[in-house]
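Engineer: If you want the building blocks of each chain, they are given just below.
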Amino acid sequence: MSDHETAGSDGGISTRTMEIVVAVVLFAVSALVVYDSYRLGSKWGDDGPQSGYFPFYIGLLLGLASVATLVRVFLTQWRQHDKAAAPTGLFVEWGQLKLVLSVLVPAVVYVLAVQLIGMYIASAVYIMLFMRWLGHYSWVKSVAIGFGVSAAIFVLFEIWFKVPLYKGVYDALAWLGY
Amino acid sequence: MVEISALFHGFAVVLSPFNLLLMLIGIVLGVIIGVLPGLGGANGVAILLPLTFTMPPTSAIIMLSCIYWGALFGGAITSVLFNIPGEPWSVATTFDGYPMAQQGRAGEALTASFTSSFIGALFAVIMITFLAPLVAKFALKFGPPEFFAVYLLTFCSFIGMGKGSAWKTLAAMMLGFALAAIGMDNITGRLRLTFGFPEMMRGVDFLIAVIGLFGIGEILLSMEEGLSFTGKSAKINPKVVLETWKKLPHYWLTSLRSCLIGCWMGITPGGATPASFMSYGVAKRMSKDGDKFGKGQIEGVVAPETAAHAAGTAALLPMLALGIPGSPTAAVLLGGLLIWGLQPGPLLFVEQKDFVWGLIASMYLGNLAGLAIVLTCVPLFAAILRVPFSIIAPVIVAICAIGAYTVHNAMLDIWLMMIFGVVGYVFKKLDYPLAPLVLALVLGDRAEDSFRQAMLIAQGDMRIFFSNALVGTITGLALIMLFWPIVSRAVAAIRK
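Protein chains in written order, with the working numbering: chain D, 1 to 178; chain G, 1001 to 1496.
Simulated from the structure, these hints should not be mistaken for laboratory data.
Glycine included, each C-beta is placed from N, C-alpha and C at the ideal position.
Wrong hints could be hidden among the right ones.
[As the list claims (entries may be wrong)] In silico contact screen, one side only, chain G against chain D (beta carbon under 7 Å); selected entries:
{"id": "1", "residue": "D1185"}
{"id": "2", "residue": "V1387"}
{"id": "3", "residue": "I1391"}
{"id": "4", "residue": "R1452"}
[To be verified] Distance condition first, Cα-Cα at most 30 Å in a straight line; then the derived DSBU-like pairs of lysine-lysine:
{"id": "5", "chain 1": "G", "residue 1": "K1288", "chain 2": "G", "residue 2": "K1247"}
{"id": "6", "chain 1": "G", "residue 1": "K1295", "chain 2": "G", "residue 2": "K1246"}
{"id": "7", "chain 1": "D", "residue 1": "K98", "chain 2": "G", "residue 2": "K1284"}
{"id": "8", "chain 1": "D", "residue 1": "K141", "chain 2": "D", "residue 2": "K98"}
{"id": "9", "chain 1": "D", "residue 1": "K98", "chain 2": "G", "residue 2": "K1246"}
{"id": "10", "chain 1": "G", "residue 1": "K1247", "chain 2": "G", "residue 2": "K1295"}
All chains should be built: construct the whole structure from the sequences, respecting the hints.
Structural biologist: Shown next as C-alpha cells:
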C-alpha cells in the first residue's frame, strides 16, 4: 500500500503506513476500554456513578481521535493524488530501522536476562557484549567497563542506599549474602 | 510582607550542610543528565526518585529540583558545542549558539546562555514567591467542581495551544487517561481494565511511562541518527565571562520579553520547549538585527534560553499552588510529593510551610550554584559527550531498567518500560505529543475523583460546572482554550 511513496528512495516504512497502523492500534485500545467499562457499568448506579462511567467516555474520545487521525491521513492522500503524489516521506529507512533494532533487540534480550539471572550479572554482560559487538572494543575494555559499571551499581544500591535490586529466578550472586 | 519572612525561614531550612550538599550533587547530576542523550529532566528525576524514599521530603525535593535546574543548564552545553540539543527545549538554542561556536565564540555563547538561563529562572522564582501563596489561598475555596474545571482547563489548553494535530494531542491524552484507569477503582473497589491479570492490579505507574517514553524512546531516536559526536571545544575564562556580561545588558528588552513569555507558557502547560521557540521567533521579529539571526547572533541565544528556564521554573507554580503540574518534570516531582506522604494542593502552603518555602529558597540558591558550576566546569561536562555512544547507550538502558524496577520492585514494570520506549519512539516520529500523555496519566485518577465527587454533589447534572461564577469562568475558559484555533480564526475573519 505504500509502493508509490517509497519508490525512488532507499526504501523503508512510509510515514503514512505508520500513521494508519498507530491509529488502528489506538482504535483497538479504545474499543477495549469501552468494552471493559461497559462490562463494569458505565451508567449511573444506585450510589452514584459506576466504575466504568469515566473510562467509558475516555474510550469514546480516544476512538473518536483515532478515527479522525485516520480520516485525515486518507484525506491528505486524496489531495496529493491531485498534485501528482507529493511524497509524504518515510517513517524510517531500512538502514535506520536496522540500527534501531540493533539497540532494541539486545535491550529486550537484556530484560529477559534480568528476569532470569538478575539485574547485576545481566547488566554487566549486556554492556560488555554491546561494547564488543556494536562498538568493536577489545574484550579487555568491554569486560572491564561492563563489570565495573555493574559493581558500581551494586555498591550504590545494595550497600549505600539499601535498595535491593532484582536478583533473578536463578540467583547466581546468592553467595554474596545480599 | 509575609512572603519575605516566610522566604527567609525557607533559607534557614535550606542552609544546612546536608541540604547544601544534596543541592550540589543535584546540580552536577542534573547537568550530566542534561548532557547525556536519552536522559533528561523528567526521566532523570524519575529514575532517582526511588533513592529519595528514605530522605526527609524537604531534602529530597531540594535534590530533585536541583537535578531539574541542572538539566536545564546542561541542555545548552550540547546545543552550543555539538549542535545536538540535549533537551527538546534547547533546540532553539542551536540556531545561533552553534554558529557562534563555529566562529570560535563558544565561550561567549555559553556564558550568554547560562546567564540568561539564570535570569529567566530568577524572574520566575520571584514570581512564584509572591504569586504562588496568593493562588494557593484562592484555591482553598475550591471544591470538586472547581478542581475538575481546572483540570479541564489544563487539558483543553493542551489541545488548543498545541502546534501539531489537535486529534493527536487528544489521542495521546486519552491514552494517558485510559492507562491511569487501569487497576483498582478507588471508590467502588472494582478492578478496571486488568483483564484478569493480577499483576495489572497495581496499575501503570507514570514513572515507568516517563522512563520508557523519554529514556528508551530517546535512545532509539538517537541511534537512528547514527550518532557520531563531533563538537567544538570550549574553555570559559573569566575574561570572556566579564566581556559577555558587559554586552548582555543591551538585550534587556529581549530578556524581559522572554521572561514573560516563559512564565506564561510555564504556568499554562505550554512548557519550556514551545516557550523557547516562541521567544526566539518573537525576538527575531522584534530585533533590528532580525535578519542576522541564525548566523551567530548573541540575542538568538539569550531569547530561547531565558524563556526555557523561565518556563521550566514557572511550571512549578501550578504544581505547588494547585497540585497540577505544568510540565512532565513537574509531574514527576508531584509524584514524589505523594510518595513522601505529602498531599499536593493548596493546603501545602498552610500545612507544610517548611517544605514549600524550603523548596522556593532552594530555587534561588540552586540556580545561583548552578550558574557557578556550569561556568567553571564546562570542559568537564563536554568531555562526557565524547564518551562513545556504544558505551553510553547500554549503560543508560541498564540505568533506566533499574529505575523502572525500583519504583515498585516489580519485574513487569521493566517490560512495560520497554513497551513505552517503543511507543515513545513511534509517537515522537509521528508528532503525537508525549507531555499530555504523561500529565493525563499523573492526573487521571484525581481528575476522575473530582469529576465523580462533583457528579455526586449534583446527582449527575452537568450544569454544576456552570453553577457559580468561579467554576463557570474556569469551565468557560477551558472551552475557549479547547476551541482556540477556531476562535482565533473567527476573530481574524471578523477583523477583515
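Engineer: Compare the structure with each hint and give your call.
Structural biologist: Status of the hints after comparison with the structure:
1. D1185: holds, 4 Å
2. V1387: violated, 10 Å
3. I1391: holds, 6 Å
4. R1452: Status holds, d = 5 Å.
5. G:K1288 / G:K1247: Judged against 30 Å, a Cα distance of about 16 Å means the pair holds.
6. G:K1295 / G:K1246: Answer holds: G:K1295 to G:K1246 is near 21 Å, not above 30 Å.
7. D:K98 / G:K1284: Between D:K98 and G:K1284 the Cα gap is close to 40 Å, so the pair fails against 30 Å, i.e. violated.
8. D:K141 / D:K98: At roughly 26 Å apart (the allowed maximum being 30 Å), D:K98 and D:K141 satisfy the hint.
9. D:K98 / G:K1246: violated, 50 Å
10. G:K1247 / G:K1295: holds, 18 Å
In summary, the structure is inconsistent with hints 2, 7, 9 from the numbered list given earlier, while agreeing with the others.
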